Amino acid sequence: MTNVGFAMPWLLLAALSALIPWLASGQPPLRYSSLTVAPTDRVSTLIDRAVRLSASLGLIALVVAVAGPYRREQTVERLGFGAEIVLLIDRSSSMNESFVGRYLGGAARETKGAVAREILTDFVTRRKDDLFAVVAFSAAPIYVLPLTQDRGAVSAAVRSSTERGHGITNIGSGLAMALDFFEGRRKGGARIILLVSDGAARIEEETRERLHQAFSDTDARLYWIYLRNRTGVHLDAPPENPGESTTPEYFLHQFFQTLGSPYRAYEAENADALRLAVADIEALENDPLPYLEKIPRQDLSTYGYVAALVFLLPLLASRALEVDRWRF
Amino acid sequence: MTSGDRPFRWRLWLAVLAAVLTAVAIAHPRVPFERNVFRYFFVIDITQSMNVRDYHVTGQPADRLGFVKQTLAEALFELPCGSEVGLGLFTTRNAELLFEPLEVCEHLPIITDVLSHIDWRMAWAADSYIATGLYNALRQVGQRKPATRLVFLSDGQQTPDEAITPPFMGKAGEVKGVVVGVGGSQPMLVPKLDRENRQTGYWENADLTAPEDRTPTQQFEAQAIPETPPSGFYLSRLHEDHLKRLAATTGLDYLRLNRAEDLRHALRSDKYAEPQRVQVDLAPLLAGLAWLLLIASYWRMPRLRRPAVAR
Chain A
1 MTNVGFAMPW LLLAALSALI PWLASGQPPL RYSSLTVAPT DRVSTLIDRA VRLSASLGLI
61 ALVVAVAGPY RREQTVERLG FGAEIVLLID RSSSMNESFV GRYLGGAARE TKGAVAREIL
121 TDFVTRRKDD LFAVVAFSAA PIYVLPLTQD RGAVSAAVRS STERGHGITN IGSGLAMALD
181 FFEGRRKGGA RIILLVSDGA ARIEEETRER LHQAFSDTDA RLYWIYLRNR TGVHLDAPPE
241 NPGESTTPEY FLHQFFQTLG SPYRAYEAEN ADALRLAVAD IEALENDPLP YLEKIPRQDL
301 STYGYVAALV FLLPLLASRA LEVDRWRF
Chain B
329 MTSGDRPFRW RLWLAVLAAV LTAVAIAHPR VPFERNVFRY FFVIDITQSM NVRDYHVTGQ
389 PADRLGFVKQ TLAEALFELP CGSEVGLGLF TTRNAELLFE PLEVCEHLPI ITDVLSHIDW
449 RMAWAADSYI ATGLYNALRQ VGQRKPATRL VFLSDGQQTP DEAITPPFMG KAGEVKGVVV
509 GVGGSQPMLV PKLDRENRQT GYWENADLTA PEDRTPTQQF EAQAIPETPP SGFYLSRLHE
569 DHLKRLAATT GLDYLRLNRA EDLRHALRSD KYAEPQRVQV DLAPLLAGLA WLLLIASYWR
629 MPRLRRPAVA R
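Sequences listed follow chains A and B, in order.
Using our numbering, you'd call the opening residue of the first sequence number 1 and step up by one each time.
Using our numbering, you'd call the opening residue of the second sequence number 329 and step up by one each time.
In case anyone wonders, no lab produced these hints; they're calculated from the structure.
None of these values were measured; they are calculated from a predicted model.
Keep in mind that the hints are not guaranteed to be accurate.
What the hints assert, rightly or not - The list that follows gives simulated cross-link-like pairs (lysine to any residue, SDA-like), each with its CA atoms no further than 25 Å apart:
id	chain 1	residue 1	chain 2	residue 2
1	B	K473	A	G152
2	B	K520	B	K499
3	B	K504	A	R151
4	B	K520	A	A176
5	B	K473	A	R159
6	A	K187	A	R159
7	B	K520	A	T207
8	A	K128	B	C433
9	B	K473	A	A114
10	B	K473	B	A401
11	B	K473	A	V124
12	B	K520	A	E204
13	B	K473	A	R151
14	B	K473	A	T121
15	B	K520	B	K473
16	A	K128	B	K520
17	B	K520	A	E206
18	A	K128	B	P437
19	B	K520	A	V37
20	B	K473	A	N170
21	B	K473	A	E118
22	A	K187	B	P437
23	A	K128	B	L436
24	A	K128	B	K499
25	B	K499	B	A401
26	B	K473	A	D122
27	A	K187	B	D441
28	A	K128	B	A401
29	A	K187	B	K520
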């Protein structure tokens, strides 16, 4: 019974009222010349006790029901098909630009951020069995949400994660934090880091090694949705004048390919390409994933009311059949 | 001797009424009822001056940020169901919102988890321009559902000092809320922590260099700012006057966070509440009444009947 709780447990004290039917008969006294003349009737005694007991239980049932009994929220492990997905979202200032590369300001709907938000929200609400975590990063990674099934929280985080960004892009530490979510967790389902970024970032040599190690430890896969400007570099074609400062995306892509874990990049130049990329990932990642299903807290008070009503019936019957004087 | 002149059988009728009430309770009748809920956006200053340890409350963390986090966690617990809470961070000139407001009862575990992970190392820059940050937070909160209140928690420590507070362009009082002053009025040393959160010393004035990302206007202003003394420790205190002034110009309230109760109390103030219509279940009320009637039906009143018999 440990998974039953009460909204107002202190009300249960009122269950002491169950004693009342035993202390008072609840019947009007009748005059009779001599009680000693009347024989003891076992059936009558039994009926009297039964009525008192039933009234007593009725009172208890009422008190219990009013105290608000409920079955606690329970979690049941089920097996679904899905993945553990860490959304790693770039919040640097370049995300304010539109795909065309023109700066549109915070209110513009078609900024890369706004488009990414819309499509990701859609993705999150459709993937029923997945676990999601959210990390935002610009100069420093921000722990937004742990791996969770709380879908409302995930979409609330995605909705605000693509507000006006600011600062530079430090992708390395963001990746490290994303990988931390998998560290020391029982593996179930595919592990995915979904990086949504427009590149423009480089990773320090030292961090590179750490990332190598972490990727192989956690067995995570990396998907990079590269929100490319129309003027931006292509990831697969070597740029004409390669340089870490002019075309960091190209080098980032090269580095990700050396990680040794499954990696794919999607160049999304517009909303449609982005949608295709997400659909692609959706189709790919459907491994068996044990997940916890929440059975919400359940109100049990109705049982109490029904029980109370049932227990009150004998009392009603006995009172209805009561005599108020002797008739012979 | 017909039954027509029987005395009124109140015990029976009380029991019948109790049974009827119980039967109605089974159907859980509901009536609409107005109740106060809250929608808060908490924006927490995570600059390094928030690491100063100047709280001395038993059972609470000593550092400003830790104190804020624990106080908030306690306060969230006391908000009525149906209230919504969003979290955001502040450094430099911006408020960064982590998630849109979430219903507090359903999502409490995750909100407190995120709250407990808020850390000064999430800061994307070390400067803090309180006024600009507050205006930014106000603008973002203003874009959300009406009746979203801003709770801005900061120690008011500007780094670097700004000689001129930028003007507030919005409408004062459009977004309601409270600026919460965190810290003590005694200047204290600011711990210098490394990326692993180990203390390596205290910030000194010599460590603070002029920020590089200055706009021409700020460079111009910078000339008006007296040079920071190059020697000595960098000290931080609650700049209450500054925060109060900012609160006044933006139409927010000001609260100094001394004890956890202060904030808990303020957050449940009717000033910030929004009435929400909820359906209230009448069943407990009906059943409670039934219980009372049943108990009353055991009342002993034997003398009452005597005149009737005597007549």
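Next item on the list: For the pair supplied as a hint, B:K473 and A:D122, confirm whether the alpha-carbon distance does not exceed 25 Å.
Entry: holds, 21 Å
Notebook entry, point to check: Given the hinted pair A:K128 and B:K520, is their alpha-carbon gap at most 25 Å?
Noted result: violated, 44 Å
Notebook entry, point to check: Within 25 Å, alpha carbon to alpha carbon, are B:K473 and A:T121?
Noted result: holds, 19 Å
Next item on the list: Quickly compare the C-alpha distance for B:K520 and B:K499 to 25 Å and report which way the hint goes.
Entry: Given that 25 Å is the threshold and the Cα spacing comes to 38 Å, the pair is violated.
Check: Holds or violated: are the alpha carbons of B:K499 and B:A401 at most 25 Å from each other?
Finding: With Cα atoms ~31 Å apart, B:K499 and B:A401 exceed 25 Å; violated.
Checklist line | Hint consistency between B:K473 and A:E118 [alpha-carbon to alpha-carbon, up to 25 Å] | finding: holds, 19 Å
Note to self: For a C-alpha distance cap of 25 Å, please report whether B:K473 and B:A401 respect it.
What the structure shows: OK: B:K473 and B:A401 at ~23 Å, within 25 Å.
Item checked: Restraint check for B:K504 with A:R151, where alpha carbons must lie at most 25 Å apart -> The hint is violated at about 29 Å.
Checklist line | Given pair status - B:A401, A:K128, alpha carbons within 25 Å | finding: violated, 29 Å
Checklist line | Straight-line alpha-carbon gap B:K473 to A:R159, limit 25 Å | finding: holds, 14 Å
Check: CA of A:K128 to CA of B:C433, is that 25 Å or under?
Finding: holds, 22 Å
Item checked: Holds or violated: A:K187 to B:P437, with C-alpha atoms at most 25 Å apart -> holds, 23 Å
The earlier numbered hints that this structure contradicts are 2, 3, 6, 15, 16, 19, 20, 24, 25, 28 and 29.
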